[in-house]
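Asker: Below are the chains, spelled out letter by letter.
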Amino acid sequence: MSRLVPATPTAFHRLNPLTKVTLATTGSVGAVIVGGYLGPLTILGVMIALAAQAGVLRALLRASLFLTLPLAISVVLVSVFTRAGTTVLFQVGPFDATMEGVDFAGQTLVRLLAISMSIGLFVMTTEPRAFVFDLERRGVPPRAAFVAVATIEAVPTLIERAGVIGESQRARGLDTEGSLRARLRGLIPIVAPLILGSLTDVEERSLALESRAFSRPGRRHLLWTMPDSSPERVLRWALVLVLVLAGIARITGRI
Amino acid sequence: MLELSGVSYRYAGYPDPVLHDVDLTLADGEIVGVVGANESGKSTLCLVVSGLAPGSVGGQLTGGGLSIDGQPMAGRPLHEFVTRVGIGFQNPATQLSGVTGSVFEEVALGPMNLGASRRDTVQRTRQALATLGIEGLAERAPRRLSGGQAQLVVLASLLAMRPGHLVLDEPTAQLDPEGSLLVASALRELAATGTALLVAEHKTDILEGLCTRIMALADGRTVADGAPAEVFGDARLTDWGVDPPARIRLDRLVRERGLDPAQVLP
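Going down the list, the sequences are from chains A and B. Each step along the first sequence adds one to the number in our numbering, with nothing skipped, and position 108 is 108. Each step along the second sequence adds one to the number in our numbering, with nothing skipped, and position 193 is 193.
Hints are not guaranteed to be accurate.
Restraint ranges, calculated between C-beta atoms of paired labels, are given here [claimed, not checked]:
#, chain 1, residue 1, chain 2, residue 2, range
1, A, T42, B, D120, 20 to 26 Å
2, A, S206, B, M1, 25 to 31 Å
3, B, G133, A, V140, 35 to 41 Å
4, A, P6, B, Q71, 22 to 28 Å
5, A, V242, B, E139, 36 to 42 Å
6, A, I195, B, G115, 57 to 63 Å
No lab work stands behind these hints: they were computed from the structure. Every residue, glycine too, gets a C-beta built ideally from N, C-alpha and C.
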């Protein structure tokens, strides 16, 4: 049975999924609540250390930078040039780049990075099934669990199908290479069959699921779930407590 | 034993029934083949026998009814059907749940949904895999299987729920000859364990060597029901949109040339 459980190569991977999602939530919400530089940078430091332990640091940094880059560019441009301030660093046309704007952009960037690193670490070290089965073990209805896993697991299938449709369309002369405009034009003949094909499959798949007692009410006995432990439960509650205290401190103006 | 008596069925939104007054008896260990042209009612018959029509698909039984082991099944919830009748469709890809990481988990999904204990689920899963001789696939990712292997996994998934009857709607439609033979051989093994099988197929060559009885449908009505040799030898078979098995076509060709099949054919 142990062979069914997804691979857990490091101690961080072996943490219960709920612990990892609590950590991700504390990291991302905490970065927003605490603000400034110190809080988000501390969270960033913790996530980097954990990612290094889990052996995903390089991939996580790459993914986080890639995902936050478009948002970061717009944040920097909007904050630096439109934020009112007394210290003008330089001017571009009618816009003043202020020290306050640079400071605000810096704070927003470290927050964004802390959020993406927190969520990214969870995603990269947790098998979706492990997370959903753990939730089901804790009382989430099997149907909701199924929908959650099916949604996540459908992504690679859709990508695979889109690839096949794309190849067959290209075989019939569709040009999907070259300029951005040509690529966008090439997307249309792929999207329609992709959606229609997926809808057709849904009917047969739903019948197949019905034939496997999917509609039966009641709990089911799962084949495996990720282990949980008392230290992890303590850690989760401690993280929640830290988050609540940070929220209170923020509301009362202490941080 | 599964019995359909005088069943007529109409899809929701359609004025006319798709099945008209169909009778069918499926005894334990029996393999009944269903043949007919496209839209003759084969798939609808499979859905009705499995309880999915009208249970899940909707529509209405406008006449007759289904009983299993003498008990009428009208109004029963679908999850009660699945322990008595399993149904498999032609495309293995859409029958895999898409939520499991291994074949073992895929096969175990049905018993788990039935609320079986962990031990029972494992035992049923191992037994189903062993019955079809696919224990070696247990740890493989379902998405990475060939068509024939995936169809066998679908069959194992149905078997793990231990239904007394299995309904298969064109189980070899998307398989190559090797995959088709693999499935046919597995079905023969299954029937030997006492499971009753209803197999709707276009490939009469497979049905000829597999079935104990053949039922032919045309426009939703039963037009023939008898031993394979009798139904496949019927001169009206092509009028019903069914190609006779290669052996019978060859036999006819030989006769047309004035030769004796017993001397010419192996």
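Asker: Does the Cβ-Cβ separation between V242 (chain A) and E139 (chain B) fall within 36 to 42 Å?
Answerer: 41 Å, holds
Asker: Could you see if the CB distance from G133 (chain B) to V140 (chain A) stays within 35 to 41 Å?
Answerer: 37 Å, holds
Asker: Taking 25 to 31 Å as the stated bounds, is the beta-carbon spacing between S206 (chain A) and M1 (chain B) within them?
Answerer: At roughly 29 Å between Cβ atoms, M1 (chain B) and S206 (chain A) fall inside 25 to 31 Å, so the hint holds.
Asker: Falls inside 20 to 26 Å, the C-beta gap from T42 (chain A) to D120 (chain B)?
Answerer: 50 Å, violated
Asker: I195 (chain A) and G115 (chain B), beta-carbon distance inside 57 to 63 Å?
Answerer: 35 Å Cβ-Cβ, so the 57 to 63 Å window is violated.
Asker: Should the hint that P6 (chain A) and Q71 (chain B) are 22 to 28 Å apart at their CB atoms be regarded as holding?
Answerer: 43 Å, violated
In this structure, the hints that do not hold are numbers 1, 4, 6, in rising order.
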